[in-house]
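Chains as they are written, first to last, in our numbering: chain H, 1 to 389; chain P, 1 to 286; chain E, 1 to 288.
Hints should not be assumed to be uniformly reliable.
Stated by the list, open to error - If you anchor each label on the Cβ, the simulated ranges turn out as follows:
hint, chain 1, residue 1, chain 2, residue 2, range
1, P, A27, E, N253, 38 to 44 Å
2, E, W273, P, K182, 30 to 36 Å
3, E, W273, P, L150, 36 to 42 Å
4, E, L108, H, S341, 56 to 62 Å
Honestly, the hints are just simulated from the structure, not real lab data.
Idealized CB from N, CA, C, for every residue including glycine.
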Amino acid sequence: MTNSSSIITDVNAHPTQDSSAGPDTYDLECRNILKTFDGGFTAVDNVSFQIPKGSFFSILGPSGCGKTTLLRMLAGFEKPTSGDIFIKGQSVTNTPPNKRPVNMVFQHLALFPTMTVAENIAYGLRQRKVAKHEIGDRVKGVLQRVGLPDSGNKNIAQLSGGQKQRIAIARCLVLNPDVLLLDEPLGALDLKLREHMKIELKQLQEEFGTTFVYITHDQSEALVMSDQVAVMNHGAFVQQGTPHDLYYHPKDAFVAGFVGESNRWMGRISSQSANGLEITTDSGLGLHGVSGENQSFNNGDKVEIFVRPEAISLVRGQGDSNNSNQLACHVVNVLFDGAKSQILVKDPQSNGEVTVSMPQTADFENLRKGELLSLSWTTEQTRCYRVEG
Amino acid sequence: MIPSIPHSRLFRTTYASYVVLFFLYLAAPLIVVGTFAFNDSLFPSLPWKGATLDWFFGSEQPKLGLFQDDPILKSILVSFFIASCTTVLSLLLATCNAFLFEREQFPGKNLLYILMLMPLVIPGVILGVSILVFSSSIANWFEMNFGWELDFLYPSTTLVILGQFAFISTICTLIVSARLRKFDLSLEEAALNLGATKWGAIWTITLPFLKPALIGAGIVSFLMSFENFNTTLMLVGSDAPLTIAMFDRLREGATPVLNAISLMLMVASSILAIISLLMDKKSPTT
Amino acid sequence: MSLRTPKLRLGLLLLLTPMLLWLLLLIILPHVNMAIISLSERVSAGEYAFSLSNYAEFFTESLYWNTFLRTATMSILVTFLTLIIAFPVSYYIAKMLRGRTKGLVFALCLIPFWVSELVRTYGWMILLRETGVVSSSLQWLGLTDGPIEFLYNDAAIIVGLVYTSMLFMVVPLTTTLDSLDDSYIEAGYDLGGNGFTVMREVVIPHAMPGIVSGCIVVFMLTLGNYLTPALLGGKDSLWFTEQIFTQFITRFNWEQGSAFGILLLFLSSFIVWLGLKLSRQSFTRVMS
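The following block holds chain H by itself, in its conformation from the complex (with noise of 0.2 Å):
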C-alpha cells in the first residue's frame, strides 16, 4: 500500500514553524496539479494555488467537478498524474498519507465505532507514540476546547450530529495539523443544525488558528465561512477570490449563475456606448447593461444576462422610476419565506419569469395573484456574459 521504504522521516519531525526554511507564509500550495483517471477522464486540470496562513479556504463547485479528488490528493489518497503539492514550503507529493502532516475531516466523519470518544481523539496521538500521560492530558484539553469536556468516555452512538462534527474535529485539531482538510462535513446534518455548525466552524477555526481548506457545492457555506473561496468547474479553478468579490464581481457566467441566485436572460449586442451596452434578448427584451468582468463585445455577440432578485425595486401598479430598466409585470405566485421570501412575476411582454426579493415592508404584505408591479433596476447590475460557441 504506502511505499514506506522510501520515507525516512520521523513521523514527528514534519516541518513545524520553521521560519528559516525561506518563504513559508503559504501554509498549502500546489503548483499544476493535474490528475486524470484510466480511460482518460481528467478529473483535476492544472489547478495552482496557494493557501496563507491561518485562513479558511473553501473550494466551492457542484458535484463531480473535481473537488473531492483535489482533496484526496492533498491528504494523500490519490496521486497526481503532475504537478507538485507544497506544505509548508515543503514539497509532500510523494509523502503517503500517514506521514502528511494534514488531517482531514470526513464527510461522513469516520469516527471509529468502536472506540470511545477519548480513543478516537488519542489515536492519531498514540500512532505518534506520544507518552500517555501527555495523551490524556491533550485529550481532555482539546475537549474543552471543543466544548465536550465531559464527553470522553461516551460511544460515538450516543452522541448527537453536532457533537460527532466538534469530535471529528477535535480528533484532527488534537495533532496540531499545519493544513485541516473538510469534506463537506455538513452535508448529512438537518438544516438547522447546520446553520448552527456554519458559525461553530468558523469560530473554532478563528481559535485554533489552523488552516481550514473547506471542499463543498453549498454557496452559502462557502460564503458565510470562508476568507477566500475559489470556485472550480470542470476540474479547473474559474475564479478565486474573496465571497464578496465572487459574489459582486464573478468573472464569468458560470460564477455568477452558480454563486448566488439570479434572473437569467439570453440575448445579444445591440449597440454599446460610453454608458454601457444596449441588449435585445431572444425573447424581444430591450435592456441596458454593463459588461462583466474582463469583459469585451462586438455588436451582435451572444450573452447571458444576469441581475439578481435583490437588485430590482418594486412599485405596486404603474410607476416609474429613474431606473434604466423598465418591466411591468403580473405576480404569478408568492413564494413567503420569511425575510427570504420572493415573488415571481411574468412579464407579458416576452411571457418570461423574474424572480424578485420581496421587501420588507408592510407595502407588500396583502399582495395577490395576478396584481400588476413595476420592476426596475439599474445599468450597473445588469451583467453580460459572452455566450461560448
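Got chain H; can you put chains P and E on it based on the hints?
The following block gives chains P and E in isolation, referenced to the frame of chain H:
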C-alpha cells in the same frame, strides 16, 4: 396479513395455533431426550420408573453414568480438539477470504467466488469420501515411490479436521464477508490520515470492527464441527469423536446415558447460542 | 485507493494463496480424482484401466438406480413439505410479531439448530419406536390395543428429515420476509388487493431469493443426509448415501463408490441448476 389489516378472530386464532403446534413439533424430540435422561430405567422409554441422576453420576454397570464412562469422556476430548483446530483454521481462512473478495479486484474473481461457495452444495458424505480417496491416493503414491508412511493421510483425526475445515470455512467466509461489506472504507483512510500504517489501520480499526462477526463465526464453526456427522463418518480413524461414538452406541441399543450426554450437549450449545446472540446485538454499526 | 504499488499486488498474492490451496487440495483435486477413479476398473492387483463399467453397473442393477430415484424424489418431497410448513411460521415471525417478541421467537426457532442432528434424530427414535412415547400414549388413551411401530418406514424418514431441515428454511425465509416493508403490503390492500393476491403478487416475489436459497440448502442437506435415514429408516431405508458408504467402507470397492458419488453430485447440481433456472435467481445472490 399484517396487524394493521383487520382479520377475523377465527383466522387469527387458527394462525396462532398453527404456530404453537409448529413449536411443539420443534420442541418434542428435545424435551423427550432431556426428560428420559432422568428415567430410572435401563431403556429410554416409557413407563416412567422414577427419577434418578444415575445416568450422569452412576459408577456401576449397568447404570454407568456419563461422568464415569471413559470412552465417552475421551471422545468428548477428541471432539474438542477437532472443533478447536477446525475453528482456528476456518477463521484464519475466512478472514483472508473476506479481504480477498471484498477488497481486491482481480481477473476471475467471480468464478473463484462461485468455487468458494461450492462446499455448500456438495453433500457432506461426498465431500468426506472424495477427501478420503484423494488423501489415500497421495499417501499410497508416497509409499510406493519413497517408502514414506504418511499415516495422517489415512483415516485419522487430521483428516477429520481437514474434511470439516473444507466446508466450515465457506460458512465462516460468508459471515465475516457480510460484516466487512458494512465497513466504511473511510474509517481506514481516517486512520491513515491520523498517522497509522496500512497494517496498523487494519489491526486497530478493521479487525476490532470484525470482532463480533469473528466471534459469531467461531461459535458457529465450533458447534458445526462438534456436531458434524456425515463428513466425519467417512474420515474418522481410531479416535472416534463424540458423534461417532454416540452413533455406535445407538446401533448397539441405546441406554439413557445417551440422553444424559445429549442433555449436556443441549445445555452447552444453548450457552454458546446465547453468547453469539448477545454478540450480534452488541455489535456497533457504522 | 489508487496507490497501486507493487506491494499491493504482493498483498493480493498473500490473500490468494491460502484460498487457492484450500480450494485445490480440499475441494477441486479430490473431486477430480474421484471422477478419474470412477472411470477406472481393476484389471489385476495394482493395475487399473479406463472403463465405464462402474456406471454400467449402476444402470443395470435395478437396486442402485431405484435407490437413486427414490432418494431424489423423496428429497424433493421433503424440500416441498419443509417450505409449506415453514412459510406460514416465517411469515408470522416476520410480519405478525413486533420488537422483543419477534427476536425471542426467532431465537426459539434456532435452538434445535444448535443441537446435534444425532440428538434430534435420537429424540424422534424415542418418540416413534414401538415402546416409544407416541405408541405408549395411544395405548394409554385407549386408542389402540397393542404397541405400534412408527419407526422404520418412509413416513418416519420424512418426519425426521423435515425436522432436521426446518431451520435452514425458516432462517432465510424470515430474513427476506422481514426485509419487506409493511407499507408494500398495505399499499397492496389499499389498491384493492385481497389476502391472496397480495401474497402472490407482493410477498412471494419479494421472498423469492429466500425461498430459493432455503430450498437449495434443504435439498442438498436431505440428499446428502446419511444419519437420519439410517437411524429412522432402519435396514430398508434405501438411501443413496448408504450405498456410497457401503461401497467405500464395507465392500472397499472405491471405483464403484466413486461412480456413485459422482452420480449423486451430478444429480444435486442438476436439480439446483434447474431450481435456479425456473425461479430465475442467481447462485451467488441466493447463497450469500
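**Asked** Is the gap between the beta carbons of L108/E and S341/H within 56 to 62 Å?
**Response** Once the Cβ atoms are compared, 59 Å apart, the range 56 to 62 Å for S341/H and L108/E holds.
**Message:** For the hint 30 to 36 Å, verify it against the beta carbon of W273/E and that of K182/P.
**Reply:** With a Cβ separation near 31 Å, W273/E and K182/P satisfy 30 to 36 Å, so the hint holds.
**Request:** Using the Cβ atoms, figure out if A27/P sits within 38 to 44 Å of N253/E.
**Result:** holds, 43 Å
**Request:** Could you tell me whether the CB distance from W273/E to L150/P stays inside 36 to 42 Å?
**Result:** holds, 38 Å
Of the hints listed earlier, there is not a single one the structure fails to meet.
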